[in-house]
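With the hints as constraints, model all of the structure from the sequences given.
Sequence lines, in order, name chains A and B. First residue of the first sequence: 41, per the working numbering; consecutive thereafter. First residue of the second sequence: 6, per the working numbering; consecutive thereafter.
Each hint should be verified, as a subset may be incorrect.
[As the list claims (entries may be wrong)] A few chain B positions that, by computed beta-carbon distances, are all more than 12 Å from chain A:
| hint | residue |
| --- | --- |
| 1 | ASP106 |
| 2 | PRO303 |
| 3 | GLY311 |
| 4 | ALA350 |
[What the hints assert, rightly or not] So, partial list: chain A residues that the calculated Cβ filter (under 7 Å) puts toward chain B:
| hint | residue |
| --- | --- |
| 5 | MET55 |
| 6 | MET66 |
| 7 | ARG70 |
| 8 | GLY96 |
| 9 | PRO124 |
| 10 | GLY126 |
| 11 | TYR229 |
To be clear, the hints were calculated from the coordinates, so they are not data collected in a lab. Note that CB positions come from ideal geometry on N, CA and C, so glycine has one too.
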Amino acid sequence: MIVCKFTKLHAARYMPHLDVMRTLTMALRRTGLSIAYSDGFNPHPLIYFAPPTPVGTASECEYFAAATPEPPEAFLKKLNTSLPHGIQILQSAFAAANPNLAAACGAAQYEIAFEKPVALPLKEMLSAKEFEISYLQNGVPITKQVRELILDAFGSGKTYRLTLACGNKNLRADRLIAFLLRNNPAPPYFTVTKKRLFTANLTDFDTLFFNDSPKKETHEKK
Amino acid sequence: MVKIEQILSKAVSPARYAGGEFNVYPHKKDAALQFLLCFPDAYEIGMSSLGLKILYGLLNERADTSCELCFAPLPDMGELMQKNNIELFSLSTRKPAKQFDIIGFSLSYELCYTNIPYMLHLARIPLYAEKRGEDFPILLAGGVCTVNPAPFAPFFDIIAIGDGEEVLAELADTYTANKKAGGSKRTFLEKAAKIKGIYVPNIGVKQGVIQRAVVEDLDNAFYPVKVPVANTEAVHNRAMLELFRGCARGCRFCQASFISRPVRHRSPQKLLTLAQGLIRETGYEEMSLSALSACDYPHLSELLQGLKPLVQKAGVRLSLPSTRVDSFKISLSDYAMRKASLTFAPEAGTQRLRDIIKKNISEEDILSAAAAAFKQGYTAVKLYFMIGLPYETEQDTDGIAELVKKIKSLYKQHASNRKPLKLSVSASTFVPKPFTPFQWEKQIPHAEILRIQAKLKNALKPLGVKLSAHNAGASKIEALLARGGQNLAAVIEDVYSGGGKFDGWTEYFDYARWQNSLAKFNLDAETATGEIPAANPLAWDNINVGITKDFLQKELARARAVL
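Here it is as structure tokens:
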């Protein structure tokens, strides 16, 4: 079993999770990298993903685990020759057993980049005991208590960072920001990029799987 | 100014518009011909079109040409674009459509016609050719619908009839040579009018009858293996291997058969090379052997034997669509075929009507093929029928339910496992199409379509089978447009102005909107889809696809002789 970290940038940030899975499976078939398949009537390749990143959110920290006998370095190199624009494998390493990425995930850090400087009421949000947001999901209005899902928030002007619950308990960064901007008559355009993924006790996935301090950050090209 | 990026997140399934697909050709900024290949339907449908992939590859392989794709934005995205002043843009470089030299539309379905004014409106390009001066791109139409170009002829500068491969290459040569020589749009159109298969309808050149273009040597025609892979699931998410073009069967309702003759095969050797390339370059888990009637490929067992080791090594599944019951001779299960579902197209419920439409399948063929399939482990069957066929009687439509009953009881006898049979029955409505022996026949009235659909639904209900039927109004409009004349151009424009687009989609189609627009021009769908007297001129008389009217009339007489 190996674990890989990959990006979902540029056009690929609009790719739904199922299509990311399909894209990687197709790339494996193109490159001829060997992968174990499930038994059964419709065998599928044994690849396991961290929780999906929402459509529209870019990411520099997607992860998957794959049941392959290939050496991690060669696997990364070869797979990178056959991926669509914006998807790139950054790191790969052996893992003893299936690390269950989905269950291991507890939080993620996001970078919010605004077109124009904007003041977000982060202090008020963080000092409040309760914080309720509302948004539309498939056209249906939803209200949700989210204070305990907000772990950290800082920044100013055009760039902010948010650390939010990610996984079973989840808060979408784009929804929180849209709510914070709700009274702005002309809310500025912003992009969201997932920067780091953590376990529930805030161990960085990179430390966990690659014994790395989280320093390697790529930047989205304009 | 709002950028495209800023509206993408607000659109439904923005991956449709974002670009960045695997296998997309890099843009050649300095290429003499900048070509935009438009498909007037959604991304997921257009990205499944084999024709589009062939032309996209062919144009981009040329050093002097750069070709990009463009699909119709769904209505939500169209609204976002208009609200934010964003013009129709190309998929990869997001360049406005207006900045291309040639915009080619691939027309394969009549109900897409309203998406022509829709896309041109978004592109801020005048709809009518006569209103576009030298500064606007040249508009080209191709695809199967161009055998009757009359309803959309006023919109296009050039209409290509028949196979696109050689015509498009010649057009590109002509364009670049004309550009190099400093020629105008008009001089280009005049030169283009001399190419076989090309119809130039709007500059007053006399062309006589236009001959359909035919690629004679398929083995040496361009066929792409490096095909763009959709970034979000396409309706046909598989590699396509085209075995042959044309169909010798000649079912009398089938336009595809009559407009694609003669039958031209690819050799098994060529197909194996292409299959290897497709597996290597695309990574699809399924490869479909495609043709109008793929089981009629004369070297099928040789091909399957060659393909077997290739697909097994790569973990690719083969599929053979449009299975004809009378071709079900080979034991498909040996060839890594998907065994889940089997499709039969008896088309009509009785032998009498099958003889009239020349669907040479007997009930015995259908039942013995079904029994064989059930013994092999198939647990799902799809049955395709048509209603409203010429000379159809109540017995014929009753026969559909009777056939379904027989197939159900066969499953009980022969099923090799205990799964319940999944049986789906679909009934489309007969649409008289140009260049078929039934081109003069009427389509049954709208109310009659609804009555037969209801009757069938009731007959199938006690059998526990659900009928899927085409929208009656949509079939009416399909017939209207298929046989329509130039007077329909204004109707198409009016329907779009009234909000019509994506008419091929049940959720967007509105029959009343078409009826209103037709009434404005003193037309009505029922009259227009009635019987045409044999002596009357036809809107497509200026096109010759290689079949004479005389032959079609004889075929019609043969159909009537069955009565």
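Verification of the hints:
1. ASP106: holds, 25 Å
2. PRO303: holds, 30 Å
3. GLY311: Non-interface label on B/GLY311 holds, nearest chain A Cβ at 20 Å vs cutoff 12 Å.
4. ALA350: B/ALA350 is indeed farther than 12 Å from all Cβ atoms of chain A, at 26 Å.
5. MET55: holds, 5 Å
6. MET66: holds, 3 Å
7. ARG70: holds, 4 Å
8. GLY96: holds, 4 Å
9. PRO124: Holds: closest Cβ of chain B sits about 4 Å from A/PRO124, inside 7 Å.
10. GLY126: For A/GLY126, the interface hint holds, since the closest Cβ of chain B sits about 6 Å away, which is under 7 Å.
11. TYR229: holds, 5 Å
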